[in-house]
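If you're matching them up, the sequences are chains A and B in order.
As numbered in our numbering, residues 84 to 881 make up the first sequence, in order.
As numbered in our numbering, residues 10 to 182 make up the second sequence, in order.
No lab work stands behind these hints, which were simulated from the structure alone.
Here the structure is a predicted model, which means the values were calculated and not measured.
Do not take every clue at face value.
[What the hints assert, rightly or not] Computed from the model, here is a short list of chain B residues facing chain A with C-beta under 8 Å: (1) Val45; (2) Gly61; (3) Leu74; (4) Asp89; (5) Tyr90; (6) Ala171; (7) Leu172.
All C-beta atoms, glycine included, are put in the ideal place defined by N, C-alpha and C.
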Amino acid sequence: MPPTTDVVLAVVFLPFVAAAVTPLVFRLLGERTAYYAAAVALACFALVSKLYFAGAHGSVAVEWIPSLGVSLAFYVDGLALLVAFLASGVGVLILTYSGGYMHGEPGQAKYYASLLAFMGSMLGVALAADLVALFVFWELTSLSSFLLIGHYTGEEASKYAARKSMLITVSGGLFMLVGFLVLVWASGQALPETTYRIPVLIEHADAVRTALGDAGLLVPVLLLLALGAGTKSAQVPFHIWLPNAMEAPTPVSAFLHSATMVKAGVYLVGRFRPLFLPPEAPILGEWTTLFAVLGLLTMTVAAVLAVSATDIKELLAYSTASHLGLIVAGFGFANAYGAEAGAFHILNHASFKAALFLVAGIVAHEAGTRDIAKLGGLRKHLPVTAVVAVVASLSMAGVPPFNGFYSKELLFEATYYAAEEMGGVGWLFPVVAVFGSVFTFLYSIKFASLFFGDEPDGLGHVHRPPVTMLVPPAVLGVLVLAISGQPNAFIEGLVGGVYGSVVPGDAHSFSVHLPTELSPYFVMSLVTMALGAVLFPFYDRIHAGVRTLLSGPVRANWWYDNAVDGATALSKRVTPLVQNGLLRTYVIWALAAVCALALGGYAALGVSLPPLTELAVTTPILLVLLVAVVGAFAVGIAPSHVAGVLTLSIVGFMVAIFYILADAPDLALTQLVVETLVLVIFLLVLDRLPAFYGRPRAAVAVRDAALSLVVGVTVFVTVLVSTASNPNKALAQFLAERAGVPSEHGSLIVDYGGGGNVVNVILVDFRGFDTLGEISVVAMAAIAVLTLIRMRSRGETQ
Amino acid sequence: MSDDAPANEDVAAAESPRPSDVDRSTTVVARTVVRVVVPIILVTAISLLLQGHNLPGGGFIGGVLTATAFVLVYVIFGLDYLQATILDRRDEVDEGMVSVYRRLFALGLALAAGSGLAPLLFDLPFLTQAVLFVEHLPLYGELEVASALAFDLGVYFTVVGALLTIIAEVGAE
Numbered sequence: 084m085p086p087t088t089d090v091v092l093a094v095v096f097l098p099f100v101a102a103a104v105t106p107l108v109f110r111l112l113g114e115r116t117a118y119y120a121a122a123v124a125l126a127c128f129a130l131v132s133k134l135y136f137a138g139a140h141g142s143v144a145v146e147w148i149p150s151l152g153v154s155l156a157f158y159v160d161g162l163a164l165l166v167a168f169l170a171s172g173v174g175v176l177i178l179t180y181s182g183g184y185m186h187g188e189p190g191q192a193k194y195y196a197s198l199l200a201f202m203g204s205m206l207g208v209a210l211a212a213d214l215v216a217l218f219v220f221w222e223l224t225s226l227s228s229f230l231l232i233g234h235y236t237g238e239e240a241s242k243y244a245a246r247k248s249m250l251i252t253v254s255g256g257l258f259m260l261v262g263f264l265v266l267v268w269a270s271g272q273a274l275p276e277t278t279y280r281i282p283v284l285i286e287h288a289d290a291v292r293t294a295l296g297d298a299g300l301l302v303p304v305l306l307l308l309a310l311g312a313g314t315k316s317a318q319v320p321f322h323i324w325l326p327n328a329m330e331a332p333t334p335v336s337a338f339l340h341s342a343t344m345v346k347a348g349v350y351l352v353g354r355f356r357p358l359f360l361p362p363e364a365p366i367l368g369e370w371t372t373l374f375a376v377l378g379l380l381t382m383t384v385a386a387v388l389a390v391s392a393t394d395i396k397e398l399l400a401y402s403t404a405s406h407l408g409l410i411v412a413g414f415g416f417a418n419a420y421g422a423e424a425g426a427f428h429i430l431n432h433a434s435f436k437a438a439l440f441l442v443a444g445i446v447a448h449e450a451g452t453r454d455i456a457k458l459g460g461l462r463k464h465l466p467v468t469a470v471v472a473v474v475a476s477l478s479m480a481g482v483p484p485f486n487g488f489y490s491k492e493l494l495f496e497a498t499y500y501a502a503e504e505m506g507g508v509g510w511l512f513p514v515v516a517v518f519g520s521v522f523t524f525l526y527s528i529k530f531a532s533l534f535f536g537d538e539p540d541g542l543g544h545v546h547r548p549p550v551t552m553l554v555p556p557a558v559l560g561v562l563v564l565a566i567s568g569q570p571n572a573f574i575e576g577l578v579g580g581v582y583g584s585v586v587p588g589d590a591h592s593f594s595v596h597l598p599t600e601l602s603p604y605f606v607m608s609l610v611t612m613a614l615g616a617v618l619f620p621f622y623d624r625i626h627a628g629v630r631t632l633l634s635g636p637v638r639a640n641w642w643y644d645n646a647v648d649g650a651t652a653l654s655k656r657v658t659p660l661v662q663n664g665l666l667r668t669y670v671i672w673a674l675a676a677v678c679a680l681a682l683g684g685y686a687a688l689g690v691s692l693p694p695l696t697e698l699a700v701t702t703p704i705l706l707v708l709l710v711a712v713v714g715a716f717a718v719g720i721a722p723s724h725v726a727g728v729l730t731l732s733i734v735g736f737m738v739a740i741f742y743i744l745a746d747a748p749d750l751a752l753t754q755l756v757v758e759t760l761v762l763v764i765f766l767l768v769l770d771r772l773p774a775f776y777g778r779p780r781a782a783v784a785v786r787d788a789a790l791s792l793v794v795g796v797t798v799f800v801t802v803l804v805s806t807a808s809n810p811n812k813a814l815a816q817f818l819a820e821r822a823g824v825p826s827e828h829g830s831l832i833v834d835y836g837g838g839g840n841v842v843n844v845i846l847v848d849f850r851g852f853d854t855l856g857e858i859s860v861v862a863m864a865a866i867a868v869l870t871l872i873r874m875r876s877r878g879e880t881q
Numbered sequence: 010m011s012d013d014a015p016a017n018e019d020v021a022a023a024e025s026p027r028p029s030d031v032d033r034s035t036t037v038v039a040r041t042v043v044r045v046v047v048p049i050i051l052v053t054a055i056s057l058l059l060q061g062h063n064l065p066g067g068g069f070i071g072g073v074l075t076a077t078a079f080v081l082v083y084v085i086f087g088l089d090y091l092q093a094t095i096l097d098r099r100d101e102v103d104e105g106m107v108s109v110y111r112r113l114f115a116l117g118l119a120l121a122a123g124s125g126l127a128p129l130l131f132d133l134p135f136l137t138q139a140v141l142f143v144e145h146l147p148l149y150g151e152l153e154v155a156s157a158l159a160f161d162l163g164v165y166f167t168v169v170g171a172l173l174t175i176i177a178e179v180g181a182e
């Protein structure tokens, strides 16, 4: 059945409303705002559950600007529900946990408002059916992530991390937007009418794909979408923002940077999978080449980097990137197992990784350090936490019978069958998958081992965590156990729907079992665990070895830092040239840029000039224009400012007369009064201008003359081109029919302008919106002058 | 505002007097002409505003013309004259006329936007304009009432307020 509009709207917008009133709530409740926010998340969770239990599937749309065909459309299906469940459900746990973790921290009102706004954005991403809405919510998640990563606004590392994540994810989002626009264009080619709706695009996947392929845009669109997904989901080489993002408070890392926001990228890949991967797709089509390779590469590289980590949150961050790579790789493979692996691992990863982040938060909070070398033997002090950590770590390592094993096994299955079908170089897929998984096994066991063994020297007293911090990870731990115990129940209930969303055609479910025989992929799992177990005693040596390899251009960070530093240095060098404090320099650059853009635009479009023979002028007009030209020359050689201004007004008044002669009384009136007013204003400010009458250098004079010539040519060409495109008098016909008073008018006219002066009817009726904008600009100019002149003496004093 | 006043002296002595010392720099002729001309300009401006719907004119032109009339008064008699004699606002020394002008353009914007919102009450799109012909009026016979006039009035007030704000601020320098 289709979902209820009210419920869907409430799910998405309730968090935003709640975020808006958070500052007020914070004044009333103080630190207990956490439980208010958790209650909001719980309400969203209940609403999502309501959709789920109602069996909702389909689209709802709210008309927004019907005249432009813009509507806010949402789509509910398995994938949307899973991500919405994660966003709201993990949200409840995280916000509760924050109540303990954020005790005594600064900026809590901002923190909870940003978290709630993020939750709303993420729910929006999950449920959006419209490409524009998806993009807006997508960038909103980046924005709230920016605020949350930079929570400790005073710290340099926080600022660096926030900037980095913003630059990478937002610019990736812009590439994605370009991809969306190409898709919309393709829909216009393939379908009767252009559409922004994702479900409609997927319904007509073949036609859209054919249109893209015919235009040679299939690969570019895939690359653009991959850039969006890859930056958001921290795929190599864009994984570098995720470890830095760990500067955020740990609940934020658990929520945004493991369970939800980074899942937006894999969500995108899953969402568009049925569009680009038809059932009859070749085993190594464009989609598989791109996403399977990207995913496996990320899975392996990030797993190796996780082993090199020295900080528990850094380890988890790289591990998150690695597991996101696993999901992307799963969605990349054209066989059913890949889709199953991706769909199932979204749930599994969220369950164990959020739990591990919360564990890391407890460790950092209670032991006072996140340094792996300084931690050990925590089991004695944190018994409950230790149990959760061990369960979640084993699941992350892919050890049976925990849930992580099933989804990893499915990926192995996908790589194995892909390789079997391809042969040759295709065998690299399973080899790389196993290689990456060995490292996953290593760092997972390392994390669990922090709770065993001896306490290192220097580890201070470890406190007991408060109950609010203990319950959320325990809930997640129980969830891991529940999925591990009854995987098929969860698949039947939830993941099967996700699988249905990411494969073309009708939805159907699947099931997993513990292996009963030595299948090739079970052997892959066994090899992974055996190799991991053999290598684990040498963990420290591998850790050190990887660290020594990472230097210079091998690190993606090296590229990022150099690019940002280079851009900063470049703008520092360019700024004094363009903006040197002299108004005339600013004018030169502004005018030159406008002319270059306009003329460049005409040249690029191959606009041809209309024949000049049509420019017939009468003798009076010619005389008036000649006087104007003489006046213009006189301005150039005027001996004083006053003379210059007065001669300039000659030009203005001549133009006004020209308007009269050309039958444009409204323009002429406007020109006359404005000219008069400008003259007076000029005279008022003249004595403020410097008496700059030194003889200009020849080079400067030539440059200025050339620029003025170019400006003149640009304006001339623009006027010619724009007036030549008069659409066969249709415009005049339209206005003459609509603007005036119809001869047989009734006593009330609503549809038409109903005025005799077509200029004014255009201003107040046809283009009333423009006029409203223009008078706003006039008012803004007045406010600007007021601010600049009146308040300059009482501005900020730094 | 930090600079000294005598800098005014050398430029356009006939047209830009020092506000405090009117008699020294403007002639009797100029003052008399302005007294006669300003009311005419204002009436012209208002008629341009009102007839704009069917004849040349409109809110913008009317507004600029009104501003010009005020500027004439300002140039010949000084800002203080306008403030003290005509509007009797001696008390507001600091803000002076600017606060009035500021409120004026705020009012104008509100009027224009409000007239755009009004059609929403009748379930019509934003900024829909209507024309009503009132028949059989004494003296007029038929009168055309255009809702666009409210919008135009908003434009008028905004332009007058904004221009006078700018001129008063720049002129006070």
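So which hints don't hold here, by number, going up? Result: hints 1, 4, 5 break, sorted rising.
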